[in-house]
Amino acid sequence: MNKIAIDYKNIWYPPGGILIWIIIFLELFTFGAALIAMTHYGNLEAELFHNSRLILNTTYGMINTLFLLTSGFFMAVSVSELKKGNKVKFKKLLLLTILFGVLFLGLKSFEYSEKLNEGITVGYNTFFTFYWMLTLFHVIHVIVGLVILVSVYFGIKKGKSNTSIEDVEASAAFWHMCDLIWMMLFPVIYLLF
Amino acid sequence: MKNTATITWIILLVLTITSALVSKLESKYVVFIILILSAFKFFGIAFQFMEIKKAHVFWKTIIIGFIFLFGIGLLVA
Chain A
0 MNKIAIDYKN IWYPPGGILI WIIIFLELFT FGAALIAMTH YGNLEAELFH NSRLILNTTY
60 GMINTLFLLT SGFFMAVSVS ELKKGNKVKF KKLLLLTILF GVLFLGLKSF EYSEKLNEGI
120 TVGYNTFFTF YWMLTLFHVI HVIVGLVILV SVYFGIKKGK SNTSIEDVEA SAAFWHMCDL
180 IWMMLFPVIY LLF
Chain B
0 MKNTATITWI ILLVLTITSA LVSKLESKYV VFIILILSAF KFFGIAFQFM EIKKAHVFWK
60 TIIIGFIFLF GIGLLVA
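Note that the protein sequences, when read in sequence, are chains A and B.
At position 17 of the first sequence the residue is numbered 16 (numbering that gives the first Met the number 0), and the sequence of numbers has no breaks.
At position 35 of the second sequence the residue is numbered 34 (numbering that gives the first Met the number 0), and the sequence of numbers has no breaks.
Think of the hints as simulated: they come from the structure by calculation, not from any bench.
Here a beta-carbon is modelled for each residue, glycine too, at the ideal position from N, C-alpha and C.
Mixed in with the good hints there might be a few duds.
What the hints assert, rightly or not - When the alpha-carbon atoms are kept at most 35 Å apart in a straight line, the in silico DSBU-like pairs for lysine-lysine are as follows: (1) B/K23 to A/K90; (2) A/K114 to A/K159; (3) B/K27 to A/K88; (4) A/K86 to B/K52; (5) B/K53 to A/K83.
Claimed, not checked - Part of the chain B face toward chain A, derived, beta carbon under 10 Å: (6) A4; (7) W8; (8) L68.
Unchecked claim - Just some of the chain B residues that point at chain A, by a computed CB distance under 8 Å: (9) L11; (10) L12; (11) T15; (12) I16; (13) S22; (14) K40; (15) F46; (16) F48; (17) F67.
When you get a sec, could you build the whole thing from the sequences and use the hints?
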């Protein structure tokens with residue numbers, strides 16, 4: 000693995016690199032604008048949004064939040080272990096990160112199947128249009144994040160790895176971005192209305 | 000790092016469960032409390048897990064500014 004001394008205090012080198020942070024802010028502004036639009040429509044159709052929100056299972060949303068936070072915790076600790084040169088521990092922690100990401104997807108799939116069985120699809124009402132669009136868009140990010148983490152795992156596992164610590168940090172930043180987006184989605188979709 | 004991350008993780012879990020419990024309450028302050036708790040969770044992930052605390056002040060400011068704008072947006076929407 001290539002080791003590069005990175006000065007994080009330099010404005011051009013935030014942890015993970017500037018390019019991933021440009022992507023992170025683009026994503027945050029996109030989801031943020033959509034959630035503000037959802038709140039706007041929620042104020043116009045307050046009763047419909049309240050009744051629709053009550054159809055959602057808050058416990059599923061909360062458990063999924065705990066899964067993502069736990070995954071993010073393992074990700075942060077794994078990067079720290081890699082910086083210390085402990086590749087074995089890094090790989091174990093990265094597998095735990097991936098496991099909790101998969102658990103998130105599993106519970107989300109179960110929640111989706113329940114909604115589909117009840118006939119609650121994307122066109123059911125305005126609330127559920129936002130629900131499906133925003134949560135599915137987030138799920139796509141989680142799937143992409145998992146693919147990146149799996150590729151990092153195999154990249155580091157190779158005997159002569161050319162994966163740099165900056166590559167791992169950028170991947171970790173993308174994974175944490177999924178947490179950040181969910182921290183915006185969970186309260187607005189599952190709790191506010 | 001490990002101790003800080005563990006403490007951050009536990010705080011984030013507690014804040015998540017607290018948010019879910021607060022949402023069941025009947026009060027005009029519920030929305031405000033949920034948004035404040037969510038902002039703390041957001042900062043916990045960004046500053047501790049993503050290590051923005053080590054970054055240039057520009058990145059810290061832009062993260063705080065974003066959440067401030069997002070919160071204002073939700074409240075005035």
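Under the criterion of a CB-CB separation shorter than 8 Å, is B/S22 in contact with chain A as hinted? holds (4 Å)
Less than 10 Å between beta-carbons is the criterion; does B/W8 satisfy it with respect to chain A? holds (4 Å)
Have a go at the B/L68 hint: is there a Cβ in chain A nearer than 10 Å to its own Cβ? This hint holds: B/L68 lies near chain A, its Cβ roughly 8 Å from the closest one there, short of 10 Å.
Status of the B/L11 interface restraint (C-beta, 8 Å, chain A): The hint holds - B/L11 has a Cβ within 8 Å of chain A, the shortest such distance being about 5 Å.
The hint names B/I16 as touching chain A; please verify it with the least Cβ-Cβ distance against 8 Å. Constraint on B/I16 satisfied, holds at 7 Å.
Against chain A, is B/A4 within 10 Å by beta-carbon distance? Interface hint status for B/A4: holds (5 Å vs cutoff 10 Å).
Is the shortest C-beta separation between B/K40 and chain A less than 8 Å? holds (5 Å)
Does B/T15 hold up as a contact with chain A if the rule is Cβ-Cβ below 8 Å? holds (5 Å)
Can you confirm whether the C-alpha distance between B/K27 and A/K88 stays at or below 35 Å? violated (47 Å)
Have a go at the B/F48 hint: is there a Cβ in chain A nearer than 8 Å to its own Cβ? holds (4 Å)
If you draw a straight line from the CA of A/K86 to the CA of B/K52, is it 35 Å or shorter? The hint holds at about 25 Å.
Given a cut of 8 Å on the nearest C-beta pair, is the interface hint for B/F46 held or broken against chain A? At about 11 Å, which exceeds the 8 Å cut-off, the nearest Cβ of chain A leaves the hint on B/F46 violated.
Comparing the model with each numbered hint stated earlier shows that hints 1, 2, 3, 15, 17 do not hold.
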